[in-house]
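A.B. asks: Protein sequence lines, in the order shown, are assigned to chains S and W. Residue numbers are given in this note's numbering: position 66 of the first sequence equals residue 66, and the series is strictly consecutive. Residue numbers are given in this note's numbering: position 92 of the second sequence equals residue 458, and the series is strictly consecutive.
Note that these hints are calculated values from the structure, not bench results. Hints may be right or wrong, so weigh each one.
What the hints assert, rightly or not - FRET-style restraints, in silico, Cβ to Cβ:
id	chain 1	residue 1	chain 2	residue 2	range
1	W	470	S	305	37 to 47 Å
2	W	745	S	305	33 to 43 Å
3	W	918	S	189	57 to 67 Å
4	S	10	W	938	19 to 29 Å
5	S	154	W	673	23 to 33 Å
6	S	264	W	918	34 to 44 Å
7	S	333	W	797	25 to 35 Å
As the list claims (entries may be wrong) - Listed next, the stretches of chain S that the computed footprint assigns to chain W, with coverage defined by at least 3 CB atoms under 8 Å from CB atoms of chain W:
id	region
8	6-12
9	112-121
10	143-154
11	303-309
Cβ atoms here follow ideal geometry from the backbone N, Cα and C, with glycine treated the same way.
Chain by chain, the residues:
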Amino acid sequence: MIKEGHFGSAEAFCLMLVMLTTRVFYSSPLALIKDLGTAAWYGTLLSCAVSLIFFGLLYLLMKRFPNQDLYQVYETVTGKIISKLLILIFSFYFLYYAAINVREFTAILKAYSMPYTPVSILIFVFLLVVIAMTYVGLEGIVRVSYIFFYFIMCGLAMLLLLAIPAYDFNNLYPLFGYGLKETIKIGVLRSSAYDEIVILAIIINSIYGLKTFKRVGFYSLILAGLIISVTLACILAAFEYTAASEQLSGLFQLSRIIYYSRFFQRIEAIFLFIWVFASVITVSMAFYLAVSSYCRAFKIKNHRPLLFPFAALAFMVAFIPRNIGEVFEIHVHFLRQDSFSIMYLIPLLVLIFALILGKKGGKAIE
Amino acid sequence: MKKKQNTFSKIMALITYKKTNRPQTFVLPEMDEGQNDNGQKDSGEKQANKPKPEEQPQAGEKKKRKFPRKPLSASQVKSNRTDSDEVKNNIDSNLQVMKEQFDVPKNKDLILREFTLGGNRRAFLVYLDGMADKFIINNFILRPLFNEESLDSTQSGKSANILLENIVETNDAKKLISIKKVITEILKGNTALYLDGLDYILTCESMGYDKRAVEAPKTEAIVKGPQEAFSENLRTNVSLIRRIIRNKDLVTEFFEIGEKSNTTCAVIYLQDVINPAILTEVRRRLTTIKTDFLVSAGMLEQFIEDNPLSIIPTILSTERPDRTASHIFEGRVAIIMDGTPFSLIVPVTLNAMMHSPEDASLKWQYTTGLRLIRFCAFAIATLLPAFYIALTTFHREMIPTDFLIAIAKAKENVPFPTIVEVLLMELGFELIREAGVRIPGIIGNTLGIIGALILGEAAVAANIVSPILIIVVAATGLSNFAIPNYSLAFGVRISRFYFIIAGATLGFYGLALALMAYILMLVNLKSFGIPFMSILAPKNKRSRDAIIRWPVWMQESRPDFLNPLERDRQPEISRGWSQQDPNK
Numbered sequence: 001m002i003k004e005g006h007f008g009s010a011e012a013f014c015l016m017l018v019m020l021t022t023r024v025f026y027s028s029p030l031a032l033i034k035d036l037g038t039a040a041w042y043g044t045l046l047s048c049a050v051s052l053i054f055f056g057l058l059y060l061l062m063k064r065f066p067n068q069d070l071y072q073v074y075e076t077v078t079g080k081i082i083s084k085l086l087i088l089i090f091s092f093y094f095l096y097y098a099a100i101n102v103r104e105f106t107a108i109l110k111a112y113s114m115p116y117t118p119v120s121i122l123i124f125v126f127l128l129v130v131i132a133m134t135y136v137g138l139e140g141i142v143r144v145s146y147i148f149f150y151f152i153m154c155g156l157a158m159l160l161l162l163a164i165p166a167y168d169f170n171n172l173y174p175l176f177g178y179g180l181k182e183t184i185k186i187g188v189l190r191s192s193a194y195d196e197i198v199i200l201a202i203i204i205n206s207i208y209g210l211k212t213f214k215r216v217g218f219y220s221l222i223l224a225g226l227i228i229s230v231t232l233a234c235i236l237a238a239f240e241y242t243a244a245s246e247q248l249s250g251l252f253q254l255s256r257i258i259y260y261s262r263f264f265q266r267i268e269a270i271f272l273f274i275w276v277f278a279s280v281i282t283v284s285m286a287f288y289l290a291v292s293s294y295c296r297a298f299k300i301k302n303h304r305p306l307l308f309p310f311a312a313l314a315f316m317v318a319f320i321p322r323n324i325g326e327v328f329e330i331h332v333h334f335l336r337q338d339s340f341s342i343m344y345l346i347p348l349l350v351l352i353f354a355l356i357l358g359k360k361g362g363k364a365i366e
Numbered sequence: 367m368k369k370k371q372n373t374f375s376k377i378m379a380l381i382t383y384k385k386t387n388r389p390q391t392f393v394l395p396e397m398d399e400g401q402n403d404n405g406q407k408d409s410g411e412k413q414a415n416k417p418k419p420e421e422q423p424q425a426g427e428k429k430k431r432k433f434p435r436k437p438l439s440a441s442q443v444k445s446n447r448t449d450s451d452e453v454k455n456n457i458d459s460n461l462q463v464m465k466e467q468f469d470v471p472k473n474k475d476l477i478l479r480e481f482t483l484g485g486n487r488r489a490f491l492v493y494l495d496g497m498a499d500k501f502i503i504n505n506f507i508l509r510p511l512f513n514e515e516s517l518d519s520t521q522s523g524k525s526a527n528i529l530l531e532n533i534v535e536t537n538d539a540k541k542l543i544s545i546k547k548v549i550t551e552i553l554k555g556n557t558a559l560y561l562d563g564l565d566y567i568l569t570c571e572s573m574g575y576d577k578r579a580v581e582a583p584k585t586e587a588i589v590k591g592p593q594e595a596f597s598e599n600l601r602t603n604v605s606l607i608r609r610i611i612r613n614k615d616l617v618t619e620f621f622e623i624g625e626k627s628n629t630t631c632a633v634i635y636l637q638d639v640i641n642p643a644i645l646t647e648v649r650r651r652l653t654t655i656k657t658d659f660l661v662s663a664g665m666l667e668q669f670i671e672d673n674p675l676s677i678i679p680t681i682l683s684t685e686r687p688d689r690t691a692s693h694i695f696e697g698r699v700a701i702i703m704d705g706t707p708f709s710l711i712v713p714v715t716l717n718a719m720m721h722s723p724e725d726a727s728l729k730w731q732y733t734t735g736l737r738l739i740r741f742c743a744f745a746i747a748t749l750l751p752a753f754y755i756a757l758t759t760f761h762r763e764m765i766p767t768d769f770l771i772a773i774a775k776a777k778e779n780v781p782f783p784t785i786v787e788v789l790l791m792e793l794g795f796e797l798i799r800e801a802g803v804r805i806p807g808i809i810g811n812t813l814g815i816i817g818a819l820i821l822g823e824a825a826v827a828a829n830i831v832s833p834i835l836i837i838v839v840a841a842t843g844l845s846n847f848a849i850p851n852y853s854l855a856f857g858v859r860i861s862r863f864y865f866i867i868a869g870a871t872l873g874f875y876g877l878a879l880a881l882m883a884y885i886l887m888l889v890n891l892k893s894f895g896i897p898f899m900s901i902l903a904p905k906n907k908r909s910r911d912a913i914i915r916w917p918v919w920m921q922e923s924r925p926d927f928l929n930p931l932e933r934d935r936q937p938e939i940s941r942g943w944s945q946q947d948p949n950k
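Produce the entire structure from the sequences given, and follow the hints as far as they go.
C.D. replies: If you want it as structure tokens, here you go:
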């Protein structure tokens with residue numbers, strides 16, 4: 001088993017919050033506003049609430065098997081062979097997640113900021129840093145995320161606050177968007193957008209157990225929901241839903257319209273930096289989980305020899321979508337709207353099996 | 367065929383993963399680790415029965431020790447060849463050993479004086495010319511010996527005590543039976559004395575070589591505070607610290623490092639404060655150094671630092687006794703080498719490198735302001751040129767229009783791309799700086815300033831660089847000088863070029879990625895088991911003297927990450943008078 005080290009609840013909280021909120025820098029606001037119109041800002045709160053329910057169920061599963069991480073629970077409940085298969089599904093999902101995130105990020109970066117640089121170069125350099133992060137391991141990623149968390153959150157808050165003159169909150173009307181039914185349907189489905197929270201169950205042994213797991217999970221989900229909701233409301237207020245549903249990155253546009261004087265305007269520089277920081281942390285974590293899950297499945301002790309092969313795979317997966325349209329309409333759509341079938345339903349099925357078979361783990365002493 | 371195989375294996379070796387043969391890293395154990403272990407026990411029997419992951423490498427390490435050790439070095443073989451390390455009770459044998467060890471008569475430094483006492487008792491004394499004080503030898507060793515009438519061959523048994531206690535009049539004298547130790551004493555400047563029939567050699571303290579007096583600090587000069595700096599003499603340096611820390615728990619341990627140079631190295635710490643694990647690690651690193659000679663603290667630093675590949679130093683070097691003492695008070699170890707006017711402080715974090723010795727003497731508001739300026743200087747010195755290149759090459763749309771026009775005007779006649787301009791100016795600046803150090807005395811400084819002014823002015827006039835770039839490079843250079851630590855400033859100088867390349871290649875995107883990789887490197891650095899970025903990550907109890915300096919009376923505890931035995935520095939109410947009624 002890879003030596004993963006330990007870190008406290010503050011570090012875990014920062015990591016999860018960064019992972020859960022990174023998508024506001026990408027095309028997530030665009031997709032939500034497109035589907036839900038002016039109801040997008042509370043639609044995401046609905047997704048967050050559904051995720052909280054799923055997380056509660058996950059907590060029940062982890063509570064049933066104290067001192068075991070999610071993969072160990074799989075093994076206890078489903079046996080060696082099926083658990084291997086499940087772990088591999090997770091591994092490939094994380095690889096896919098990392099690759100599509102990189103592609104989405106670089107596609108928007110190219111469209112907005114680096115129009116003359118080939119996407120392959122952007123992805124290649126990005127993956128180099130991701131390899132360095134993963135080489136160091138979980139502890140390194142967590143520490144970096146803990147340091148950059150403050151930059152990211154301060155940067156985001158600054159962007160939203162500085163754009164206040166551009167807000168017109170009348171743009172949030174009609175309140176029900178395209179109808180309550182549509183809002184609830186999409187809101188429930190988009191709970192996938194918060195499914196990164198399952199990662200906590202995989203690294204539960206590094207965060208000193210169940211108590212931290214519960215606390216960090218609930219708090220980071222709630223706060224992430226609020227942050228995304230506020231950001232969406234700001235984008236809607238600044239651009240109206242018609243214009244906002246056509247912008248690749250609403251936040252990037254928001255940073256562009258900031259104007260206070262001739263010398264204080266267009267602060268995309270801040271945006272670009274926090275955007276890169278958040279993306280690298282998210283992709284590194286996903287990439288690390290892809291590699292470490294693979295190592296867990298085949299009992300490989302050192303994850304480092306697998307980094308370059310996995311990076312090559314990620315590079316190739318990132319080029320599966322042939323154009324930016326495919327990236328958003330198929331792949332990102334799957335990640336944010338359908339991935340709950342992997343991330344939430346598999347642990348849920350395992351919980352049901354555990355209940356039916358009456359399997360339990362060791363006793364927990366809190 | 368064999369050659370083909372070799373080529374094939376070489377190519378394969380280039381592209382396949384090789385496990386790095388890194389030494390086991392030292393991790394500082396928590397002082398309350400026992401409690402944690404108990405806490406973990408409750409996590410179930412299954413895990414409790416398993417060996418902890420940390421324990422596994424240790425077990426492997428134990429196994430490794432069974433393998434034969436490395437072959438002995440030439441000097442070890444030489445020293446092993448001598449029949450025995452012990453002093454013989456025969457003057458001829460001992461004399462022979464001394465001559466062999468010091469290569470007498472070829473070696474003219476060694477004075478080997480043979481004489482007869484009490485009529486027919488042979489004796490000799492040995493010392494190194496120039497290292498020992500002849501006045502002490504003549505008046506306090508030789509004169510009492512010749513005046514002593516009780517010494518004759520018939521009283522061989524009693525003479526040992528007589529000699530030690532009553533005859534030799536030096537302040538320190540040791541009876542040594544190991545030749546190796548005798549030689550070390552002679553090399554230090556002491557005098558060895560032997561009388562026929564004895565089974566030991568007496569070494570008398572007679573060190574008396576020329577040394578520099580205690581002077582004012584040269585690289586860490588301050589306005590407010592003590593004006594003393596270390597000198598090359600180890601004893602003087604230790605006494606400078608002892609004068610500040612008048613505490614019986616201040617311990618000084620000596621180590622001899624360098625098989626040929628036998629350099630004495632002092633490890634100084636406060637016994638009731640320091641975490642014993644740090645001390646053990648320092649001892650372990652010092653005692654396992656195998657090298658011929660060490661002449662400077664900088665060399666020793668390279669032997670004991672955690673990560674030699676890092677361009678950021680992880681050991682603090684200071685020439686100030688007061689600064690050394692304050693670190694010892696906090697629970698760190700000071701290592702001082704004989705012959706070097708610097709002490710090495712371990713373990714340290716980034717914030718310690720950014721502190722100035724003056725910080726403690728100034729009011730907290732001034733210090734905090736100065737520190738913020740220093741951290742800004744750190745950021746400017748590292749990132750400004752790269753930021754400028756990225757902005758002007760890739761993201762012109764982000765520059766406010768008026769400023770963009772100013773930049774464009776200034777660059778209009780410059781034929782080079784911005785990256786060439788920046789590299790030219792940076793190179794020029796580094797040249798001036800290096801030349802300024804080599805040119806002796808005041809001319810060096812003057813020439814540096816004039817050189818910079820003329821070069822800059824001429825470069826702008828010749829349209830080689832734009833005036834804005836001169837401002838950028840000058841601000842960068844100035845900021846670099848604002849970094850208080852000499853080694854850290856070097857690290858920043860090199861890092862700057864790394865960021866310049868990143869910014870020139872991929873703009874802000876490249877710069878942001880490079881910054882992440884850089885921070886990743888920093889958070890993974892360790893200084894004697896302590897994470898180098900402990901002020902930020904991993905999370906620990908916030909220090910009140912990291913970046914923002916709290917008033918000195920509010921700094922109740924020592925740094926959390928050092929895990930000292932004594933956490934509290936002072937009670938919560940340290941200003942007792944503030945609780946009293948002055949009118950009573």
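A.B. asks: Does each hint fit the structure? Answer for all of them.
C.D. replies: Hint by hint, here is what the structure shows:
{"no.": "1", "hint": "W:470 / S:305: 37 to 47 Å", "verdict": "violated, 59 Å"}
{"no.": "2", "hint": "W:745 / S:305: 33 to 43 Å", "verdict": "holds, 37 Å"}
{"no.": "3", "hint": "W:918 / S:189: 57 to 67 Å", "verdict": "holds, 59 Å"}
{"no.": "4", "hint": "S:10 / W:938: 19 to 29 Å", "verdict": "holds, 25 Å"}
{"no.": "5", "hint": "S:154 / W:673: 23 to 33 Å", "verdict": "holds, 30 Å"}
{"no.": "6", "hint": "S:264 / W:918: 34 to 44 Å", "verdict": "holds, 39 Å"}
{"no.": "7", "hint": "S:333 / W:797: 25 to 35 Å", "verdict": "violated, 57 Å"}
{"no.": "8", "hint": "6-12", "verdict": "holds (count 4)"}
{"no.": "9", "hint": "112-121", "verdict": "holds (count 4)"}
{"no.": "10", "hint": "143-154", "verdict": "holds (count 5)"}
{"no.": "11", "hint": "303-309", "verdict": "holds (count 3)"}
Violated hints for the displayed structure, listed by number in ascending order: 1, 7.
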